[in-house]
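> Below, each chain spelled out in residue letters.
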Amino acid sequence: MEIRIKIQRFDPERDEAPHWRQYQVGAQPMDRVLDVLHTVRWQHDGGLAFRRSCGHGICGSDAMEINGRNRLACKELVKSLRQPITVAPMRGFRVVKDLMVDMTAFFEKYRAVRPYLMTDDAPPEKERLQSPEQRERYDDTTKCILCGACTTACPSFWANGKFLGPAAIVQAHRFLMDSRDQGAEQRAGVLNDASGVWRCRTIFNCTDACPRGIQVTKAIGDVKKLLVARSASPDGPPARAQRAGGPPSA
Amino acid sequence: MAPRTVVRHQFDAVIVGAGGAGLMAALEASKRCRVAVVSKLYPTRSHTGTAQGGIGAALANVEPDSWEWHMFDTVKGSDYLADQDAVEAMCREAVEVVYDLEHMGLPFNRTPEGKIDQRRFGGHTKEFGKAPVRRSCYAADRTGHMILQTLYQQCIKQQVTFFDEYHLLDLLIEHGRCAGLVALCLATGELHVFHAKSVLLATGGFGRMFKVTSNAYTLTGDGCAVAFRRGVPLQDMEFFQFHPTGIYGLGILVTEGARGEGGVLRNGRGERFMERYAPTLLDLAPRDMISRAIYLEIRDGRGVDGKDYVHLDLRHLGRDVIEGKLPDIADFVRTYLGVDPVKELVPVQPTAHYAMGGLPTTLEAQVLADGVSRPLIGLYAAGECACVSVHGANRLGTNSLVDIVVFGRRGGRHMANALASMDWPTMPAAPEARAQDLIGRLTSPASGESAAQIRAELQQIMMDHVSVFRVGDGLKEALGGLSSLRSRYQHVAVRDRALQFNVELEEALELGYLLDLAWATAVAALARTESRGAHSREDFPKRDDANWLKHSLASLHDDTVALAYKPVRITKFPPKERTY
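If you're matching them up, the sequences are chains A and B in order. Going by this note's numbering, the final residue of the first sequence carries number 324, and the count climbs one at a time with no gaps. Going by this note's numbering, the final residue of the second sequence carries number 1912, and the count climbs one at a time with no gaps.
Just so you know, these hints were derived from the structure itself, not from any lab. Where is the CB? At the ideal position from N, CA and C, for every residue including glycine. Be a bit skeptical, because a hint or two may be false.
[Said to hold, decoys possible] Derived pair list, reagent style DMTMM-like, types lysine to aspartate or glutamate, alpha-carbon separation capped at 25 Å: (1) A:Lys80 / B:Asp1828; (2) B:Lys1489 / A:Asp195; (3) B:Lys1489 / B:Asp1432; (4) B:Lys1543 / B:Asp1805; (5) A:Lys200 / A:Asp213; (6) B:Lys1543 / A:Asp109; (7) B:Lys1808 / B:Asp1876; (8) B:Lys1908 / B:Glu1607; (9) B:Lys1363 / A:Asp195; (10) A:Lys200 / B:Glu1400; (11) B:Lys1489 / A:Asp194; (12) B:Lys1882 / B:Asp1871; (13) B:Lys1675 / B:Asp1702; (14) B:Lys1363 / A:Glu182; (15) B:Lys1489 / A:Glu199; (16) A:Lys200 / B:Glu1420; (17) A:Lys153 / B:Asp1663; (18) A:Lys299 / A:Asp176; (19) B:Lys1808 / B:Asp1891; (20) B:Lys1898 / B:Asp1877; (21) B:Lys1363 / B:Asp1769; (22) B:Lys1489 / A:Asp176; (23) B:Lys1904 / B:Glu1400; (24) B:Lys1898 / B:Glu1909; (25) B:Lys1489 / A:Asp109; (26) A:Lys292 / B:Asp1652; (27) B:Lys1675 / B:Asp1652; (28) B:Lys1639 / A:Asp109; (29) B:Lys1874 / B:Asp1652; (30) A:Lys292 / B:Asp1663; (31) B:Lys1489 / A:Asp105; (32) B:Lys1543 / A:Asp105; (33) A:Lys153 / B:Glu1676; (34) B:Lys1462 / B:Glu1909.
[Unchecked claim] In silico negatives: residues of chain A with every beta carbon more than 12 Å from chain B: (35) Gly235; (36) Lys236; (37) Ile277; (38) Ser307.
Required output: the full structure, derived from the provided sequences and hints.
Quick look at the structure:
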């Protein structure tokens, strides 16, 4: 069948501003939007710039705005989309070409939350123990593929580009809730900052946008609660006491 | 056209590719020297992230296990083509690297006692083949994702320098030594020349030479092809693994962990056909055997509805196991097939998955200039682009993740240790000349063919003649076809002349790499007149140890591919018949 797709184009070497171009291309109902973009690139316009790699929703390269919502092009099927399918780059970051945005600021925010396990103890000879219940607490946020769909769907981020954004907070959550991590103190500053979690207004756009089904707004809420508990506690940082489940029964 | 701007850098070591092998090497080397990681993708986009089922290590957390059993399984799985000293090193160190990953924060699934949980996987057994064993350490069905994320996190912590979205164009190799590399900066179109004492290639596989593949669009064998063009041989290219359970039509992987959890394969009649092919391990037989079994079922008319697929049956596992241990798989199947695996059968077909072949290396990941014994000073390779060889003629599931972390680490260490006593290599007079020329040839012609059309034909030829089953006449036909595609490639014209993010140019470069690697694959496959592991010749259906218990080495000489061979290193397990 023939379908119609409208793509926002911008060539920094030729265009002063982005503009729309519509294409009519052959496609199957079960095709991904990514397949359609490839058809445009391979049969109509070799210059159409977009990122992609794995093609099945794991690498996080091809987040973009599809019919007004942030989605991965490789996880949206033609059959479920109204035509013409409109495709634009994620909002809030500088467009470098067509559907590609500059991700530098995104990864700076990621780094700002210190997205790595922090611990003072020397590791044991074998694995650190962690009960399935303790593991479950941060399971959801380990799914994050850093695609940027949540952050660039967030009105608070659109309003203030300094906001850490949901993706970075999801990363912080992944470590704050990990029973092995001892970095809550070091992360608290950036999270509690004026550009930190309190800019979140619980709009749920991030949760809707997440292609991995992460409960992003809930995760941000968990981090807010942790920060409140820390500041309310008279006996120093209670971040560890906040964690559910004791040590493993063994 | 005007030459591109050239930017120069100097680092002690440069690593190309930011998947598991590259990041592990970067972590190790950057403890002691100045390292840059050059990757055509943002590191977290690397294909390691799509590995699902687990990383094999004999932790013995849930039942008795030993690295010797792991070694035996790997050697037998390789159809006795793996080098056993390399396999021994890998299986011994697997245990330690899994603990290392846990210490770095990797969120493994846990046993009730809080230890790393383990599950069954194809070809992994206890007591040298008696029964399946739970050896695969896993994090749901996103183990590779967690390994990639964890290693990248550690690189951030260690402040490793990254050059993201830089595409490898050339290696600077002169007088048996590597002096660095040239890469294209995608954002600007500039050429970047990296002067380095050593370079480690970790550029992954090249499954995109096939039409149906689990591999990312970007898996085009850049490191292998560039080294090949610079005279480095490629080892065991005829061995390419087809994973039995790709999502029908798309080739997206459904982890072997799905069968490790109890899933079974059924033909069009609903029969559990693996009973006839592997009576002991059944659906957990190695991948080459299951892929062949599926092809044979389909050929004999027992595909589903007369089509070229069979079913993976997960229904009896129940919702909790499927959603809890295979959540991504359930999501893929629902998204791309509209099938609910809790209630319905999943259509699957073999999908091109993994290159056992690649750049020959020592156990310290040093690339061998002659393929046999002489290291090319300053050049390393690890992971799928390398051939140590730990996978021989067929890789076992979970062993690719073991390979990348063990040999990535070994390579990184060796690089850092060797640097102290190394002088700076002399740079060639015009280091960027070849890269300028390569790009110039693609972007100068006023008109010519598009890379997309040639790529589609390449993928069809490889699928038709160089996939699960091969036959002499078909391979000859493939070589004829490849020769004509290679001629046509000389006349490819990239229409887009943009400097910034020129994706058309990038894809044309990648096609050139794929064409060279496909050529080496087909030449090596035609020469090997036996069936071993993933290389299955219908005209030579038996393994032939007397003549073919040897590694192939394909080299480029004056626009022909020349083959040489070298013996397999056998230490503990002499070849036996391979039954499961």
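> For every hint, state whether the structure bears it out.
We went through each hint and held it up to the structure:
1. Only pairs whose Cα atoms come within 25 Å are accepted, and Lys80 of chain A paired with Asp1828 of chain B is accepted, the gap being roughly 20 Å.
2. For the given pair, Lys1489 of chain B sits about 17 Å from Asp195 of chain A by alpha-carbon distance, which is consistent with the 25 Å threshold.
3. For a cut-off of 25 Å, the pair hint linking Lys1489 of chain B to Asp1432 of chain B stands: about 15 Å separates their Cα positions.
4. Distance restraint check for Lys1543 of chain B and Asp1805 of chain B: the Cα-Cα separation of roughly 20 Å lies within the 25 Å cut-off, and the hinted pair is therefore satisfied.
5. Restraint check for Lys200 of chain A and Asp213 of chain A: satisfied, since their Cα atoms lie roughly 22 Å apart, inside the 25 Å limit.
6. Between Lys1543 of chain B and Asp109 of chain A, the direct Cα distance comes to roughly 14 Å. Compliance with the 25 Å bound is thereby established for this hinted pair.
7. Using a Cα cut-off of 25 Å, the hinted pair Lys1808 of chain B and Asp1876 of chain B holds, with the two alpha carbons roughly 21 Å apart.
8. Only pairs whose Cα atoms come within 25 Å are accepted, and Lys1908 of chain B paired with Glu1607 of chain B is accepted, the gap being roughly 22 Å.
9. A distance of roughly 20 Å separates the Cα atoms of Lys1363 of chain B and Asp195 of chain A; the hinted pair therefore holds under the 25 Å criterion.
10. Under the criterion of a C-alpha separation no larger than 25 Å, the hint pairing Lys200 of chain A with Glu1400 of chain B is consistent with the structure, at around 19 Å.
11. A distance of roughly 14 Å separates the Cα atoms of Lys1489 of chain B and Asp194 of chain A; the hinted pair therefore holds under the 25 Å criterion.
12. For the hint linking Lys1882 of chain B to Asp1871 of chain B, the alpha-carbon distance of about 19 Å falls within 25 Å, and the restraint holds.
13. Pair hint Lys1675 of chain B plus Asp1702 of chain B does not hold up; C-alpha atoms about 55 Å apart against a cutoff of 25 Å.
14. Between the alpha carbons of Lys1363 of chain B and Glu182 of chain A the distance comes to roughly 23 Å, so the proposed pair stays at or under 25 Å and holds.
15. This hinted pair checks out: Lys1489 of chain B and Glu199 of chain A have alpha carbons roughly 22 Å apart, not beyond 25 Å.
16. A threshold of 25 Å between alpha carbons decides the hint, and for Lys200 of chain A with Glu1420 of chain B the separation of about 20 Å falls inside it, so the pair holds.
17. Annotation: proposed proximity of Lys153 of chain A to Asp1663 of chain B holds, straight-line Cα distance about 17 Å (limit 25 Å).
18. Taken as a hint, the Lys299 of chain A and Asp176 of chain A pair is broken in the structure, with Cα atoms around 32 Å apart against an allowance of 25 Å.
19. For the given pair, Lys1808 of chain B sits about 17 Å from Asp1891 of chain B by alpha-carbon distance, which is consistent with the 25 Å threshold.
20. Restraint check for Lys1898 of chain B and Asp1877 of chain B: satisfied, since their Cα atoms lie roughly 13 Å apart, inside the 25 Å limit.
21. For the hint pairing Lys1363 of chain B with Asp1769 of chain B, the CA-to-CA distance comes to about 37 Å; that exceeds 25 Å, so the pair is violated.
22. Among the hinted pairs, Lys1489 of chain B with Asp176 of chain A is consistent with the structure: their alpha-carbon atoms are about 23 Å apart, no more than 25 Å.
23. Simply put, Lys1904 of chain B and Glu1400 of chain B have alpha-carbon atoms about 10 Å apart, close enough for the 25 Å limit, and the pair holds.
24. Pair hint Lys1898 of chain B plus Glu1909 of chain B holds up; C-alpha atoms about 22 Å apart against a cutoff of 25 Å.
25. Restraint check for Lys1489 of chain B and Asp109 of chain A: the C-alpha separation of about 37 Å exceeds 25 Å, so the hint is violated.
26. In summary, the hint linking Lys292 of chain A to Asp1652 of chain B is supported, as the alpha carbons are separated by about 23 Å, within the 25 Å threshold.
27. Distance restraint check for Lys1675 of chain B and Asp1652 of chain B: the Cα-Cα separation of roughly 13 Å lies within the 25 Å cut-off, and the hinted pair is therefore satisfied.
28. For a cut-off of 25 Å, the pair hint linking Lys1639 of chain B to Asp109 of chain A stands: about 23 Å separates their Cα positions.
29. This hinted pair does not check out: Lys1874 of chain B and Asp1652 of chain B have alpha carbons roughly 43 Å apart, beyond 25 Å.
30. Distance check on the hinted pair: Lys292 of chain A and Asp1663 of chain B sit about 21 Å apart at the alpha-carbon level, within 25 Å; holds.
31. Restraint check for Lys1489 of chain B and Asp105 of chain A: not satisfied, since their Cα atoms lie roughly 40 Å apart, outside the 25 Å limit.
32. Pair hint Lys1543 of chain B plus Asp105 of chain A holds up; C-alpha atoms about 16 Å apart against a cutoff of 25 Å.
33. Annotation: proposed proximity of Lys153 of chain A to Glu1676 of chain B holds, straight-line Cα distance about 21 Å (limit 25 Å).
34. Note on Lys1462 of chain B and Glu1909 of chain B: the hinted pairing holds, with a Cα-Cα distance of about 15 Å set against a maximum of 25 Å.
35. For Gly235 of chain A, the shortest C-beta to C-beta distance to chain B comes to about 20 Å, beyond the 12 Å cut-off, and the non-interface label holds.
36. With a cut of 12 Å on Cβ distances, Lys236 of chain A stays outside the contact zone with chain B, its closest approach being about 21 Å.
37. Consistency note on Ile277 of chain A: stated as away from chain B, and its beta-carbon is indeed over 12 Å from all of that chain's, at 25 Å minimum.
38. Its beta-carbon lying about 25 Å from the closest one in chain B, Ser307 of chain A satisfies the requirement of being farther than 12 Å from that chain.
Checked against the numbered hints given earlier, this structure breaks hints 13, 18, 21, 25, 29, 31; the rest are met.
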